[in-house]
Amino acid sequence: MIIGIDMGGTHIDGVIVANGKILKSIKNTTDRDDLFKTIWTTLQELIKDIDKCQIARIHLSTTVSTNALVENKVSKVGMIVQSGPGRNYDFSAAGDQVEFIAGYVDHRGVVVKEVAEREISTIKDNFTKSAMEAIGIVSKFCTRNPGHEKQIAQMLGDHFDTVTMGHSLSGRLNFPRRVHTTYLNAAVSRTFRDFADNMEESLKKEGINVPVHILKADGGTMDLDTAKTKPVETILSGPAASFMGLSALFSENTDGILLDIGGTTTDIFFLAHGVPLFEPLGISIGKHKTLIRAIYSTSIGLGGDSYVRVENNNLRIGPHRMGRPIAFGGAHLTPTDAMVALGKLEAIGKEQAVAALTKLAKQLKLSIQESANKILDEMVSLIKERVDAALAAINARPVYTIKELLEGKEVQPQFINIIGGPAKILAPLLAEKFHLKVKYPQEYAVANAIGAALAKPTMEINMHVDTQRRILSVPEVEIYETVGQDYCLASAENRALEIVADAALKLGAVKDNIEAEIVESNSFNMVRGFSKASKNIRVRAQTTPGLIYALKG
Amino acid sequence: MTKANNRLGLVFFPAFDWALSATHPEREERLLYTQDQIFEEGIQDIDGITFYNPGVASEKDIARVHFAVPDVASQLTQSHFIAVGGAIRAFQAVMEKEVDKSFALIRPPGHHAHRVVYGDRGFCVVNVEAVALERIRQDYGDLRVAIVDTDAHHGDGTQDIYWNDKDTLFISFHQDGRSLYPGTGGMEEFGGPAAYGYNINIPLPPGTGAEGFLYILDNVVMPILEDFKPDIIINSAGQDNHYSDPLTNMNFTAQGYAILNERLDPDMAVLEGGYSIEGALPYINLGIILAMAGLDYSHVFEPDYDAERLRQDAAITAHIEHLAQEIYALWKHKEELADEHFKNKKEVTRERQIYYDTAGIMEHQVQTFTLCEHCSGVNTIDSKNDKRAHIFAITLPRKACQECIAKAYAMYAGLSKRAYTHIYLQDRPKDEYLSK
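Chains as they are written, first to last, in this note's numbering: chain S, 1 to 553; chain P, 554 to 989.
Each hint should be verified, as a subset may be incorrect.
Unchecked claim - To give an idea of the interface, some chain S residues facing chain P are shown, with a C-beta separation under 7 Å as derived from the structure: (1) Pro85; (2) Asp106; (3) Thr401; (4) Ile402; (5) Lys403.
Said to hold, decoys possible - Derived CB-CB ranges, DEER-like: (6) S:Phe100 - P:Asp984: 53 to 63 Å; (7) S:Gly484 - P:His577: 20 to 30 Å; (8) S:Gln154 - P:Pro759: 46 to 56 Å.
Calculated directly from the structure, the hints in this document are not laboratory data. What you are looking at is a predicted structure, and each value in this text was computed from that prediction instead of being measured. Glycine residues also receive a C-beta, built at the ideal position from the N, C-alpha and C atoms.
Extracted from the complex, chain P is given alone in its bound form (with noise of 0.2 Å):
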């Protein structure tokens, strides 16, 4: 009998009684030749691979994160909090020590979701990744998390939610924002005051191939994860870097991926999204679950796998090789260019609009980050919907000092309902989120 060299955790959760709509691609049939695979190839039988039910999240979970409005009940469906409970589920079987690795496929996927949560945006509603790492930090204590997002669409929430916070390593590579959706991503958005070279992005052009995919993996995410040291590494598992992906332009096959996950070797994966639900899904997801055991994927290949097809311009390569070097410099020089950037100031802000291309909602918003010479400081978001919502939300980060507490305390009683739809209070430390 096969027995896996990791021991590994499967939430398979495919919701086949749920769909965004009949023919959208995040529908009932998207995880279903996956399941075919998984099943045909006897993963079930492997010695080692334990399969969990998800489990169902509350709405505590995801006011952690989110300020979703009017509130958390009314923008999220069952089948999001079964997706960040199946999350929750695959890092607690890791945090428990019942596996060494775990591995979610649940759906819907999550890295679009901003803090600030006005509806469906990018197939996303709340950010299940951070939603289930919030969740293990505050089960399990501090945490130093690097987050390395490979789906080929930028993960701009996830950006967002640790946008300022020094413990958290977030690294998208994706398809360059100029060519796809949703547009940001550059390696200018390098983080917030209290967290400048923590927010890595590396956008790569239309037709990067595995060769590249993996070049910077070696050369840019290896080192800076050498540097960091993470307790913890989860990939956000986004598999529409796929040739074949109906939604992007890029050239990654199922052996990238089974080679991508075991060179950077995360304690846990959660998918995001990935379309090319015949061609693509199966292979990559069996590659990875494979990776993930530290089992043979060497003859995972799609049935149209051609090398030399898929041979990577070499043009793209001397691009990339060129973007590597930039990134690894600005996260050698992260502490100078913060000085230049931030020294002497008492507070950033930063203004932004954000669509909602799923819900049709264009979003107006100032974030203002204070300086603090103790924690990583008080951070507001003020902002408006073109649906006449406006909100006022107060974030306390989870090592806030005490000045910082009292400041957010008295600023959140002083703001007026009059000026506001809604005004919320974050408090990271005592793990309270307040409302009115």
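This is chain S alone, in the form it adopts within the complex (with noise of 0.2 Å):
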């Protein structure tokens, strides 16, 4: 039994799944100003008449790192920041107090220039003065090399609340955005730790002994330890929850496009071969782009409450919301008025509705019916548009090998999921403009908590490994170990899914359920006075993203 709980932004959802079957639903509102009881709540009454041994753990996905930096509730981060040469960066956005130290690692981890360690002692005082609470300390090619930061660290001590290493939170390489990532994860650190020793300390007094399993803006989970060292990984959980929601209602395997369509917004999702399309190289959070992997998401201003009128003889819709429908007593026409006016819904405002479409029908010069047509007409073509040049993009992205770019992979959509209001008024025009058979489920109103619930560990490595310097690195977790000049890509590759699996288990996945795969693995000769002298290979691996189990029926 694994109960599984979303919090989003206005409502909290919680559902408790059992042998692929959901057996109860909750659905509540959020109180912003206090979080936790608003958890708390809904997991009690989710409880309530269950035997407490039956549960086996609890997933979550929570607001609570995002809420602390919407509502600017973090900590005063000082951050220690060594560029070396190359681009000029302003940080100024991501730290309270950021210092440019001297010394320097290159792209193969050799060290070029030592830090100073009277600047570090300098600017420990000056962090201490200014009352910086958090600390983020990230090198550019840490991943290569993690030994300034981890030297720096050691050198603060524990003068300070948290100390967050930029090669601790990605073995990508993308200098700005790790220091982005740091920033984030040292500014949010202290809330999500506070948030999660109360849930783990709630949990013992009610007598629930189980894991807490935490949602990553990945769709995957991770445990209650590692989300309180990388709590920036939680920001964002919600729309990877609604994603693994869908995949849950449906069991897919080919390329298809997911729609979550709101009052406000339409979600757009991307499936490839069944499995989801993650974000390039992370996600953006408000003006702060990171390495945190994501699913990939685009939206549109555009749902069943956005605002319809004529703009210069052409019809408009959003991407604001003006209030509720029409139909449902509010002022303004709204694609739902459309769909009550046909008799495709019903309302009471049913008249309201119809008064209104007349007018917009008149400066249309059309019939109520064909105007209120044309309306949901639009709104489908407004969500094909978005669809086709997300596509457009996806497809594009950057290839480096001959082969990759003669097979030309692309992503193909077969099908269209959806949910949300709408979705049985729209499916038929959405197959209809797209020439693809368009599925909605016929219960999608906690599909955010069964996402939740049913949501895997996910772990992605990065391996680098230079024969030559004799060193295979995996900076995500810590590994560093010693390798022979023989080492060959067929040991990286074997090495890379053990230290993977290895991964996934701490973060609490069952053991036999572990599937995990190479994404990416290449070897190249280093060729040193015209012989070859050594291999530099690159291996990221993952475990497989997806779902526990898909629901039964």
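Take each chain as given, in its own frame, and dock them per the hints.
Here it is as structure tokens:
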């Protein structure tokens, strides 16, 4: 029995899933002033008549970290940045006090210039004086050699609330993103830790002794201890939960489009061979571009409650919402009113909706029915436009080998799955516009919570092997091993699968359930002085994203 | 978020699965560290910088420039069609105004590929810039173009292709041919009869540093470009003038390359040679990208950069100052000089030996340029190699007159297959390429 809870900005959903069936579901309102209470109340309602011993674990998607950022209730962060030669960066948005320091490591991880320890001591004093609470340390190419980050962290000691080191958050190369990711992690660290501690204590009091797993933006989970050190990964887990919910309601293994059409916005996701498509580098959180792995999504200001009007003789929908539909007591025309006028939806205010539509019809010089259909057609056209643009960008993602270029692998959707209020009404229109089959579930109200409940632990690692320097490194999991000069790609791939499986276990995966796979792998001959000297190997591995199991029926 | 001052298109295609041979400088690893640097510096996230995948060039694109013997398909590998396709995509991005400038980081390079192609020479089989340029001329019409080649080796292939084309100014600065492959590139190689003065070589002494390169740029290249007024400037961005390059003896730096690029202000750049793949390429390419995007590159340095050690010798400085004067004077007097050489001549011939170092082939060719009052004239190549090929190739230039067109077709029809292994006619006006 798994409990899944998804807390969004306005609603919190909870479900209990057992043996592939939903046993119980709840929907409550989020109390923004007391997020913990919101969760705790929902949890208590869920387990009221349940035998606590039957609970295997609790999966939680929270806005605790996101909320802290939005409301600016974050720690004061001092950043120590070692940028070496290269671009001239402005990191003023990534920290309350940002200090650039001397020293650097090159692209192979060779230390070119040491850290100036005296400089660090001065910075430590300054940070203390200006009451910095959390610290972030990032050096360029630290993923190749985290020595400087560790040395600086050691010098800072336990003097500050938390110290986040860049290399621990991602093994991917992108220094500015690493700086911003590290800053966010340090900034939300205490808020999230307080929340997690509170949760653990309360569960203990309640006599519930089960692991708590936290949803990440990539649609996977991590255990609570990991979440405390990498709270940045919990940011924007909501859309990921909704995506996983959609996946749980249908099981697919081809390319497809997933749509979540709400009142204000439509979220668009894609599946490639049944597996979620990720953001190429990481998610963006406000002005911060990060290295946090996340499910790709794009959003349009278009939904059932979007504002419909005529501008310069053209029909316009959205991107704003001006309140409720007229048919439900609002003052402005919406697509929902068109649905009501067409008799596709029941509402008490049908007359008012038709009256408003009559005015619009005159402006458009159409009949009422024609105008209502035009509104829905326009809505579907806007979705198609955005989907096509997103697909064009996805299919133009850079490749680096002749094989990939000539193969020209593309995402070619075979279906559309859709949830949300207008799903049933828009389904046939979407089918016609896209020439694809469209499915929508009967039960979607708590899809997010279902997604949270059925998510699996996910892990990605980036391995780098340099047989000349005889180093194998996987920064995300702090693995730095010595290898022989004859180390080869096959050994690296095997080791990467082992490491990623181990890491998934630590995140709370069940041993027999782990599917690890190689995502990218390359081996380069490093030639020095016209003879093959050594190898430079790069392997990216992950646990296959997906669900614990699909829902039955 | 950082925003580029110039919208920049990048075709970054390292061809990680292609090498000339396992230990050849032109191997999979060549752009690996450049990729690391570009990724780590977050270039992908700069607003205004767009990455494009290369397209794949067609055989016709190649035939527009080259006489590949026996034919295009047997001389080129996929890697060549893609390298050219990368440059074409980069050029198109500028022509379509998707971006202000573009840089194609592709491999293998191309500037040693002449019009006739028997095989690989200087790691080049097909002249990437020339094929891409002729493609955009075909699609977008006449363009006045300056190609500035900053590779340490003389761009002898590009020189050959544009030898008699007044609309394409070719300027190459390189390590003096007396001390480096391919050996050509003297000042006296000044262009064919229809374009005398539009092929400018600036042979620099070994040991030339940033000071010398920038002196030449400011005192020769920029003034000539001001006179020529090109629609487009293309930079053949070879990176082997770097002090750490294993194949050359120059002292240029990443900072220097970035400054040069900023002052030259090219519309497009295409990577050529450069084989200091760890110590130079990541920094030079980063410098060029930032310069082209109009961003601050003043912090781009090599790990072992030492200004003192790289200071240019006073004798070199003096030599370069003198050279600059001499070359600019030649440019200013090109019309008088052309008169001296070609007045009252009906045709001009040029006889050469061309060595294909990579493929191990020796070619002997005679080019004949006819002088025409109405156009730049039909020209032909009679070429033999030591592998028993003997070809005859006829070229009709882009703006050939009716008379020359008739003459070329008559010549093609009149040539007997018994005398040659292959006969070619390159009809640029009609964009048709015949062979028999």
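Hint by hint, here is what the structure shows:
1. Pro85: holds (4 Å)
2. Asp106: This interface hint holds because 5 Å falls under the 7 Å limit.
3. Thr401: holds (4 Å)
4. Ile402: Holds, because the Cβ-Cβ distance from S:Ile402 to chain P comes to roughly 5 Å (cut-off 7 Å).
5. Lys403: With a closest approach of 6 Å, the S:Lys403 hint holds.
6. S:Phe100 - P:Asp984: 53 to 63 Å: holds (56 Å)
7. S:Gly484 - P:His577: 20 to 30 Å: holds (26 Å)
8. S:Gln154 - P:Pro759: 46 to 56 Å: holds (48 Å)
Checked against the numbered hints above, the structure violates none of them.
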